[in-house]
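Assemble the complex: chain Y is given as a structure, and chain X must be docked to it using the hints.
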Amino acid sequence: MSIPAMPVFVDVKLREVQESGRLEYRSRSLPTWCPGCGYFSIVEGVTHACNEMGISRDQSVVVSGIGCASRFPFFVNLYGFHTLHGRVLPVATGIKTANDRLTVIGIGGDGDGFAIGGGHISHAAKRNVDITYLLFDNGIYGLTKGQTSPLSAVGLRTTTTPFENPERPLNPLMMLLSYGASWVGQAYAGHPDHLREMITQAVAHRGFSYLHILSPCVTFDKTSKTYVNLGLQVRKLPENHDPSNLMAAMHQAQDMDHPALGLYYQQFRPTLGDTFEQVSAKAGGHNT
Amino acid sequence: MNATDIQIAICGSAGDGTIAAGDILRNAVAAAGYRVICFDVYPPEIRGFGKCISRLRITTEQSYSLKRQSDVLVSLDDSHAIPHAGEVRDNGAVIFESQSIAQCGEGEHMSGHVLPGQIPYGFPLRELAQKATGGARSRNLVVLGYIAGLLGLAPTSFQRIIEKKFAKQGPAVVSRNQAGFQAGFDAGAGTFKLDDVAFGPFEKPASAGKVIMLSGNAAVVQGCLDAELDTFFGYPITPATTIMERLASELPKRGRRLLQTECEISAIAATIGAGFAGSRTATATSGPGLALMAEMLGLATITETPCVVFVSQRGGPSTGMPTKTEQSDLNAALYGSPGDAQRIVIAPTNVEGCYRCAGKAFEMAERYQTPVIVLLDLYLSNRYETVTLSESGSPFVLDANKPLRRLEPGEAYQRYALTPDGISPRAVPGDANCMHVITGLEHNELGRPNDSAEMHTAMSRKRHDKLLGALAHPDFTVTKRFGDTGKVKVGILAWGSTFGECLEAMFMAQAEGIRCAAMKVVMLSPFPEKAISAFMDDCDAVLVPEVNYEGQFAQLVQGVLARPVVRLSRVPSSPMPVELILGEIRRLSGVNA
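So the protein lines, in turn, are chains Y and X.
The first sequence begins at 1 in the working numbering and counts up one residue at a time.
The second sequence begins at 289 in the working numbering and counts up one residue at a time.
Looking at chain Y on its own, in the form it has when it is part of the complex (with noise of 0.2 Å):
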């Protein structure tokens, strides 16, 4: 199999890559992002936690809504769903209520998530629906070319605030621990080996995991999410953090200023699943 050249952002690892076995989760299709986008290290990411721990290309699902983060699916060679417009979730939770058996990656855009789909999150949370959501932020809306988002700074300027954004944007990570969602964490495009490290776990976790992964936009946000600001302003969570705390996780989440990196939160609990199974022993059912 032929694999198309990459751009020389992701393609420095390129020999590594091809020797670790990870290209098999890659497909043929290039990506279409911009070059320089930060999502080139999220496929990457994703790719290697799947190698990391073997997973069976025919027993997983990526599944998408709309915008740039979106066209994730095509890119990587597993059974992908490219659904509507923040129905990511929705459709995520189905896939996963028909077959347990599947590992289902939720792939969302900030726009995408906490705008149209915002409704979903709590739920799945709530449900803790076993799927990974990984959730694209680069503050803006990309693929429309650029209009602000419900995470855009304060006083950036998008073709929809010409005289700057006047809202604040909301806090997902704090919105997340309230919402109940079983493991909770931070990444950041920037820092490649830390990111892939985060997404292996959130997928590895039984549950609903959220992982916010920082990324800046190159083409339409030249002035607030970029790689020189956010590296300057991303930091890690303290040494002693303790992921079973979520107060601590709260306090964390707090600081937007300083997006701290690494896992906030995790707690173990019955899983969408197990509370089917919890049902149908109560109805005294059996599983066919």
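Hint data in this document are derived by calculation from the structure and do not stem from the laboratory.
Okay, the calculated bits of chain Y under chain X, using three or more residues with CB under 8 Å as the criterion:
1) 76-90
2) 275-282
Chain X residues, not near chain Y, derived (Cβ > 12 Å throughout):
3) Ala302
4) Lys339
5) Ser351
6) Cys392
7) Glu415
8) Arg425
9) Val461
10) Ala705
11) Arg769
12) Asp772
13) Pro816
14) Asp826
15) Glu838
16) Ala850
17) Arg858
18) Pro865
Beta carbons: idealized from backbone N, C-alpha and C, even for Gly.
Just chain X, lined up with the frame of chain Y:
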């Protein structure tokens, strides 16, 4: 023995137990072998001053709709029942509480509203209830016993059904209700008989299957279970909710899964996700929910994902009239989605049809890889009929997927392979080496985005043409003609729940010597052009009765066939009156009514 055909209307206020009394009555007579059609009317409020009516038509032969005139009207609350005094036929009985006459103001008591020719039947309802049960709460059972006594029905089956119905509430409630029934029965037995109603000993007909009493929604559930529904996702909305409620108790017993989602959009999204993953799956909703699902139905069409949507229509637009029936979501079901989102739309005409359409919907969704909408309405969802079900296993095909062919080494699996019948072999996640991505974007045979004119044309053709196969789907009634054969004066073309009324009207017109026929159209999309056109060839005039304002089906017929039809579109917030249809038939056939 004379054939029985009696209609009883029980009327009361919300909380009086009106619907419960109707429920026990219909189950008891069904157990005795009678055919029953029953339709309850109730307000959107749970308690408070809302009107409830339970109407039952009990027959020895198959009937198709309720009669406009009842033989017996029972009042549990005179203020609600008085406006219905006029629906009782000549020589019919009006049963009411006799005790309260003195406490009532003028004009507030039923006794003052019984029309000449009707038989007033006052009896001390409260007193009997008080004596038998120590309170007035079981008045509905006392009345029920009274009716059973009057009509000479055997009390044992009633007592058995009462026991079953109230068992969950404990033995005290059971015995209270049984005592109430018995008191009413003793009071009613032998005191009175409707002289022109034969309701005597009746020999149960030998039946080829299991005869049970089901509502339209319960029949849908039975169809789903017999078709081995695997997963269900829903969001409560009247009048579809009871489908989800029943499945919620049935599916887990079978180790299958039901999820109440956060909204209609997530319900259909999860349904499509489950369909993609290979599950036999469905959701149920009503008009407003269908509107929310529209975008997702387009996704199911372009991704060719099998899924079933049960839609029970109610009065609209918007929130409209949640507890009143209407057939006005046909256009939304046919067209509601971006682009050319063809889908299969089928509409059962009676409760047994609900069962068959539900089961067959899954077959068609899988066979043609498409969303299938089963279009019911409140009148069909909530009405009860005795239906005959096969006792020899499921009548449905349990896996209608086009099987995968073994791939050659190095060959890529093509999810959307262009085949002569337009149907591509289907792989689902878990199938080895068939990884593919499906998308709402226009795509090529592999599923990769492709917006070339050639590909869009080829895929549009594929998605359209493959559905035409459904017009010849095995063991499925697409259209069916009733009445006179050959040339007729008037032909009735009808769909959905209104067909029963059309058939009754047709029988009446035939009895008057008018040559007429009726065609029921079960498959609305793809449109059975040939069958309908051939039927119209035979008719001097074609009448299309439907319960909506614009005549949506009439528009569909005229649009496709470019032939004139006569519309009978009414929105009476209730089923179309048979007399109205009959009047139109007479008018069109040149008979002066």
